[in-house]
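Q: Spelled out, the chains give:
There are 2 protein chains.
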Amino acid sequence: VPHGTRNPIGWGFVEEAATDKERRRLARALQAFLGIELSDERRPPPPEAVALPAPRIAAPPHLSGLVHAGHTDRLLRATGRSYANLAHIRSGRLEHAPDLVATPTSEDELERVLEWAHKSGVAAIPFGGGSSVVGGVDPLVPDGFAGVMTLDLQGICEVHEVSTVDRTVTAGAGILGPDLDRALAPHGLTMRHYPQSYLHSTLGGWVATRSAGHYATHLVKIEDRVEAMRVLLPDGRRIDTLRVPASSVGPDPNRLWAGSEGALGIITQVTARAVPTPKHRQVSSVHFARFDRGLEAMRDIVQAGLQPSHLRLLDPYEQAVSAAMSGGRVHAGSTLILGFEAAELDVAPAMAAALRIASAHGGSTEAAAPESSAASWRSTFFRTPYLRDAMLDWAVVAETFETAVPWSRAAGAYASIRDATLEAVLAVCGTGGVLARTTHAYPDGISLYFTYYGRGRHGALAEQAGEIKAAASAAVVAAGGTISHHHAMGRDHKRWAAKDVPAPYQEAIRAAKRSLDPSGILNPGLWWCPG
Amino acid sequence: VPHGTRNPIGWGFVEEAATDKERRRLARALQAFLGIELSDERRPPPPEAVALPAPRIAAPPHLSGLVHAGHTDRLLRATGRSYANLAHIRSGRLEHAPDLVATPTSEDELERVLEWAHKSGVAAIPFGGGSSVVGGVDPLVPDGFAGVMTLDLQGICEVHEVSTVDRTVTAGAGILGPDLDRALAPHGLTMRHYPQSYLHSTLGGWVATRSAGHYATHLVKIEDRVEAMRVLLPDGRRIDTLRVPASSVGPDPNRLWAGSEGALGIITQVTARAVPTPKHRQVSSVHFARFDRGLEAMRDIVQAGLQPSHLRLLDPYEQAVSAAMSGGRVHAGSTLILGFEAAELDVAPAMAAALRIASAHGGSTEAAAPESSAASWRSTFFRTPYLRDAMLDWAVVAETFETAVPWSRAAGAYASIRDATLEAVLAVCGTGGVLARTTHAYPDGISLYFTYYGRGRHGALAEQAGEIKAAASAAVVAAGGTISHHHAMGRDHKRWAAKDVPAPYQEAIRAAKRSLDPSGILNPGLWWCPG
Chain U
39 VPHGTRNPIG
49 WGFVEEAATD
59 KERRRLARAL
69 QAFLGIELSD
79 ERRPPPPEAV
89 ALPAPRIAAP
99 PHLSGLVHAG
109 HTDRLLRATG
119 RSYANLAHIR
129 SGRLEHAPDL
139 VATPTSEDEL
149 ERVLEWAHKS
159 GVAAIPFGGG
169 SSVVGGVDPL
179 VPDGFAGVMT
189 LDLQGICEVH
199 EVSTVDRTVT
209 AGAGILGPDL
219 DRALAPHGLT
229 MRHYPQSYLH
239 STLGGWVATR
249 SAGHYATHLV
259 KIEDRVEAMR
269 VLLPDGRRID
279 TLRVPASSVG
289 PDPNRLWAGS
299 EGALGIITQV
309 TARAVPTPKH
319 RQVSSVHFAR
329 FDRGLEAMRD
339 IVQAGLQPSH
349 LRLLDPYEQA
359 VSAAMSGGRV
369 HAGSTLILGF
379 EAAELDVAPA
389 MAAALRIASA
399 HGGSTEAAAP
409 ESSAASWRST
419 FFRTPYLRDA
429 MLDWAVVAET
439 FETAVPWSRA
449 AGAYASIRDA
459 TLEAVLAVCG
469 TGGVLARTTH
479 AYPDGISLYF
489 TYYGRGRHGA
499 LAEQAGEIKA
509 AASAAVVAAG
519 GTISHHHAMG
529 RDHKRWAAKD
539 VPAPYQEAIR
549 AAKRSLDPSG
559 ILNPGLWWCP
569 G
Chain D
39 VPHGTRNPIG
49 WGFVEEAATD
59 KERRRLARAL
69 QAFLGIELSD
79 ERRPPPPEAV
89 ALPAPRIAAP
99 PHLSGLVHAG
109 HTDRLLRATG
119 RSYANLAHIR
129 SGRLEHAPDL
139 VATPTSEDEL
149 ERVLEWAHKS
159 GVAAIPFGGG
169 SSVVGGVDPL
179 VPDGFAGVMT
189 LDLQGICEVH
199 EVSTVDRTVT
209 AGAGILGPDL
219 DRALAPHGLT
229 MRHYPQSYLH
239 STLGGWVATR
249 SAGHYATHLV
259 KIEDRVEAMR
269 VLLPDGRRID
279 TLRVPASSVG
289 PDPNRLWAGS
299 EGALGIITQV
309 TARAVPTPKH
319 RQVSSVHFAR
329 FDRGLEAMRD
339 IVQAGLQPSH
349 LRLLDPYEQA
359 VSAAMSGGRV
369 HAGSTLILGF
379 EAAELDVAPA
389 MAAALRIASA
399 HGGSTEAAAP
409 ESSAASWRST
419 FFRTPYLRDA
429 MLDWAVVAET
439 FETAVPWSRA
449 AGAYASIRDA
459 TLEAVLAVCG
469 TGGVLARTTH
479 AYPDGISLYF
489 TYYGRGRHGA
499 LAEQAGEIKA
509 AASAAVVAAG
519 GTISHHHAMG
529 RDHKRWAAKD
539 VPAPYQEAIR
549 AAKRSLDPSG
559 ILNPGLWWCP
569 G
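First to last, the sequence lines map onto chains U and D.
Here the first sequence stands for residues 39 to 569, numbered as in the working numbering.
Here the second sequence stands for residues 39 to 569, numbered as in the working numbering.
I should point out that these hints are in silico values taken from the structure, not numbers from a laboratory.
Among the clues, some could well be false.
As the list claims (entries may be wrong) - A few chain U residues that face chain D, going by a derived Cβ cut-off under 8 angstroms, partial list only:
(1) 203
(2) 204
(3) 206
(4) 271
(5) 287
(6) 297
(7) 311
(8) 381
(9) 445
(10) 480
(11) 481
(12) 531
(13) 540
(14) 553
(15) 554
(16) 565
To be verified - The calculated label-pair distances, taken between Cβ atoms and stated as ranges, are:
(17) 536/U with 387/D: 43 to 53 angstroms
(18) 93/D with 545/U: 32 to 42 angstroms
(19) 226/D with 536/U: 31 to 41 angstroms
(20) 315/D with 327/U: 29 to 39 angstroms
(21) 315/D with 134/U: 52 to 62 angstroms
(22) 368/D with 216/U: 48 to 58 angstroms
(23) 226/D with 397/U: 16 to 26 angstroms
(24) 536/U with 541/D: 28 to 38 angstroms
(25) 198/U with 512/D: 24 to 34 angstroms
(26) 545/U with 144/D: 24 to 34 angstroms
Since the structure is predicted, the reported quantities are computational estimates derived from the model, not experimental observations.
The beta carbon of each residue, even a glycine, is placed where N, CA and C say it ideally should be.
Let the sequences and hints guide you as you build the complete structure.
A: Encoded structure:
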């Protein structure tokens, strides 16, 4: 079932591009809250006008039909979907593109393609939905390769088994989020894993990047949902990890490939833990005069053992812009979106307990939000990335980034990262602002998610975004945060990852890579690739 | 605070050895339910009479006071505490013992000791509480080492920080379970991690072996409780993983050392996630005519999203022996011990929901058990290993082993593993029996825990146990189970671990080991050690 036409020069599907109404609301919000006046709108070049470097290699005859070199084939996989990626596309000329694109529809076909790459010294970049915002699929590889081939895995998407007894699904790693849920739905199950890229990302991509969904607590990270997987190595070896709920035999193999971003083997199949489709839902909004009081309430809620599905604290700036864009009411202060969902158990007692805690921290609760508001938020959440295309039209520099820190550093990290980012936005752009919200909460800490907007200059957008990213990333590291809570490392975070991945660990994983990928062809250019 | 005198020839503390009353009850149960008549009681030799091989190396003068070679020092660390280990000790002669024992009380002292081992080609075996039942600390190393030094880490046990905000504790890896909880108690916190070795095992040992506590669901495995750790490498490099609640930067470093059994570096410090001390408790017993109906009830309970602290199904044999030993009533059929605990939230609704599910599967509930029964079971749980010493006196062959399987294989695995083990017990011993219970439950599967008893022969006990273990382990593998759910791999499970750790993964971890431990001195002899 095709979901839409993949947009080779923007986010998602061509048919789903931002509407005029969405663009007008965004423009009003940017003007009202961030002082960004919009003018000089420039639409992107048509896809066929984006120049790509000439392919350096050709596919051998025995791979005919499996490997392609057409302009659209290559353009569609030439970058991920970071702001800088899209700005580069709009320049009308990409410095890097895969020489070839493979579209295997089975593990055997993938093996044939990989075998050739392995023997020919061709770098191979696994590509799921291509929604990486961290340079994870950008064909930037060190010197020494004959060329670069991107492996589009969406054809390896068969659903092999749904076990209603184990509540697991075994599927090809290239299956897209909605297709996976479509296979589960008749059994009353769902993956209930909704990253913002849900419509455009794959099960294997989630695992390879240690993705998190939009639910705030409990089963947040995809690596906790992996029962087993199959990995294909370039020299033809296959690895099937054991289908068991837990084990203590050595370091967990599943955890070596979770987060490996295709550099340690190609994840071709995953057995994932599904959950029953939620039937009971309650959602509330709680207002706090101060962001840090909201954080304290959140902490007490999760540390009490409650596991809300929604627990998202918007800072005053995020609250204002978000309300303006959705046509809602703008409040002073911070808003906590609090929700519970369950398949079988009543959620009312948990909601009541959470609201008591919030109230004890000075939160004031409006009338309970309608049950539909969670679904409505999710759909807004999926729409947001389309607005980046509008911002690129307007020369607005805008990016999101996130981190996670222990609770003891949460308020400090929020303030210092926000301040540093705002300072950089103002230095680079003159005008702009920074918004923040929490996305995920754990008993020992929290994920903080920032969005900034600044008035940029056509032709310099990627550089401007890069300058701001450098300042923001340095602030994240200084605050003791991870450089990525749920977007992986990619190529873009290498400079700031020394604390996340200490040097001796990096060396050990590189040694493991040499064993798994002797020719070093798998997604070279990531930190665990030598060179 | 000393907890007791470590028993060099049996389990635990000398002062806590099985009482005459416990021995009488056990003897009655073995006779009544398993037909094992007890005679020919033989007490173990005194510790000073156990012959050890002469040390092959001496400590250099600069390590004086840190490294010891006395008989008791070496005997105490000459084996773990598997049945075979204890049987070997009772033979009065150990073929293998560490040549030296180091007792560092700081990371700096450990570094000095390790540096010497690294330069001198001396194998170094990290040793926490020494309670391994899988040969994890047995000084059996491949040829080529100058000698073997066991590193007793119990001196590295300082509590560096208790964060009541993050609910974490940072402590030296050598801290024993009770000491860790003693540090947490004034803050209203506990690790709430009670392996059967709790009194005799260390935080670092738990992490290195991917231990599980005695609670049945939710935060079962210690690796889910690790926020960060420090690892010391033989060449002096130190690794501190980042203190964050979650991340997506590369494969998770904490998961490389969780389960590494000291072969990839010495875990010297752990920041672990504590929990608030439970205040609310309810416990019930539910009887099922059939074990498999009990399994179905358990599955529905966990898949409904309930997270009972106790969810332990005893098969009819386990139920009978366990009741006989505790002086309780013997029922026909299987018994499900069901309990909920919470620090702040009411547990009654969850208990009611679980009992409704159990009842729908034909379970009949007795009057709720007194709240103290969970604590009483825990204390019985801690007493059980002392009874092995009595069984060795009586020439009863007795061992426990466990696995985990998906729900869809649970009933089949229970039957086939039980049958194969019983067949082996009868073939080897003539008389005996097999007991089983579940220990841990997950949404996608379960851990099954078996105990067997057989009439053995003094002088042949280790061999008899080994023969039965081989048959039982083969049945575990044939049933698709992991060869160890919570006791790690050690040396004893290597033969049966090919499905748990597929060959290319083994090679990759060996490559990582060569990078982390260039001289290969760390706990050689495990699967991830070459040779």
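Q: Would you mind marking each hint as holding or not holding in the structure?
A: Each hint tested on the structure:
1. 203: holds, 4 angstroms
2. 204: Holds, about 4 angstroms.
3. 206: holds, 6 angstroms
4. 271: Holds, because the Cβ-Cβ distance from residue 271/U to chain D comes to roughly 6 angstroms (cut-off 8 angstroms).
5. 287: holds, 4 angstroms
6. 297: holds, 5 angstroms
7. 311: holds, 5 angstroms
8. 381: The hint holds - residue 381/U has a Cβ within 8 angstroms of chain D, the shortest such distance being about 7 angstroms.
9. 445: holds, 5 angstroms
10. 480: holds, 4 angstroms
11. 481: holds, 6 angstroms
12. 531: holds, 7 angstroms
13. 540: Since the shortest Cβ distance to chain D is 5 angstroms, the answer is holds.
14. 553: The hint holds - residue 553/U has a Cβ within 8 angstroms of chain D, the shortest such distance being about 4 angstroms.
15. 554: holds, 5 angstroms
16. 565: Since chain D brings a Cβ to about 7 angstroms from residue 565/U, closer than 8 angstroms, the hint holds.
17. 536/U with 387/D: 43 to 53 angstroms: holds, 48 angstroms
18. 93/D with 545/U: 32 to 42 angstroms: holds, 35 angstroms
19. 226/D with 536/U: 31 to 41 angstroms: holds, 36 angstroms
20. 315/D with 327/U: 29 to 39 angstroms: holds, 33 angstroms
21. 315/D with 134/U: 52 to 62 angstroms: Between residue 315/D and residue 134/U, where Cβ atoms are some 56 angstroms apart, the hint holds.
22. 368/D with 216/U: 48 to 58 angstroms: Cβ of residue 368/D to Cβ of residue 216/U: about 54 angstroms, so the range 48 to 58 angstroms holds.
23. 226/D with 397/U: 16 to 26 angstroms: holds, 22 angstroms
24. 536/U with 541/D: 28 to 38 angstroms: Given a distance of about 33 angstroms, which is inside 28 to 38 angstroms, the answer is holds.
25. 198/U with 512/D: 24 to 34 angstroms: About 28 angstroms separates the Cβ atoms of residue 198/U and residue 512/D, which means 24 to 34 angstroms holds.
26. 545/U with 144/D: 24 to 34 angstroms: The hint (24 to 34 angstroms, Cβ to Cβ) holds, given that residue 545/U and residue 144/D are roughly 26 angstroms apart.
Every hint, counting from the list given before, is met by this structure.
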